[in-house]
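Enquirer: Start from the sequences, fold in the hints, and give me the full structure.
Okay, so the sequence shown: first residue is 2 according to this note's numbering, each after it adds one.
Derived from the structure by calculation, the hints contain no laboratory data. Cβ coordinates follow ideal geometry from the N, Cα and C atoms, glycine included. Hints should not be assumed to be uniformly reliable.
The calculated label-pair distances, taken between Cβ atoms and stated as ranges, are [said to hold, decoys possible]:
hint	residue 1	residue 2	range
1	Gln35	Ala83	57 to 63 Å
2	Val26	Asp85	54 to 60 Å
3	Arg115	Ala83	18 to 24 Å
4	Lys135	Glu87	24 to 30 Å
5	Pro11	Asp39	40 to 46 Å
6	Thr141	Arg88	18 to 24 Å
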Amino acid sequence: MAATRYSAAPVDPSIRIHQVVSDFVENITQLARQVALDMVVSAFSAPTGPAAGFETPAGGRARRGGKSTRAVGLRRGRRRAAGDVERLKTRFLDHVRAHPGQRIEQINRALGTRTPEMRLPLAKLLAAKQIKTKGERRATTYFAT
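Expert: Laid out in structure tokens, this is it:
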């Protein structure tokens, strides 16, 4: 820490405030530099591989341990079984019949799904004219026909 530059002689309060603020900024700057330097040193001296507390999923990238945000068994880039899509279609259609006029966020919350999972079942239901929509984008509401 820097030595204080205060004198015993009476000083204008604005000058004193300026000195205190300058000392504070200097101390914070030194502390930030030291923390950054410590982080760089620890990054280069750490063993290679995922950091402690992280797990490496099948995709190879490390992520914080915990519950996956995707549905169990659903991997990006892989085709889903036709039965899975049909089950989602049926669940979606049943929910919309019971709760007409809901938005996708509300439906996903009720079904425990995510919007990307629902795109194909929704497209199939719309193409088969089993459901209809009203509104645009996030304001889209769904109704059974």
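Enquirer: State for each hint whether it applies.
Expert: Evaluated hints:
1. Gln35 with Ala83: 57 to 63 Å: For Gln35 and Ala83 the Cβ distance comes to about 59 Å; the hint holds.
2. Val26 with Asp85: 54 to 60 Å: holds, 59 Å
3. Arg115 with Ala83: 18 to 24 Å: With Cβ atoms ~20 Å apart, the hint holds.
4. Lys135 with Glu87: 24 to 30 Å: Roughly 25 Å apart at Cβ, these two residues keep to the hinted range, so it holds.
5. Pro11 with Asp39: 40 to 46 Å: 42 Å Cβ-Cβ, so the 40 to 46 Å window holds.
6. Thr141 with Arg88: 18 to 24 Å: holds, 22 Å
Violated hints are absent here; each numbered hint is respected by the structure.
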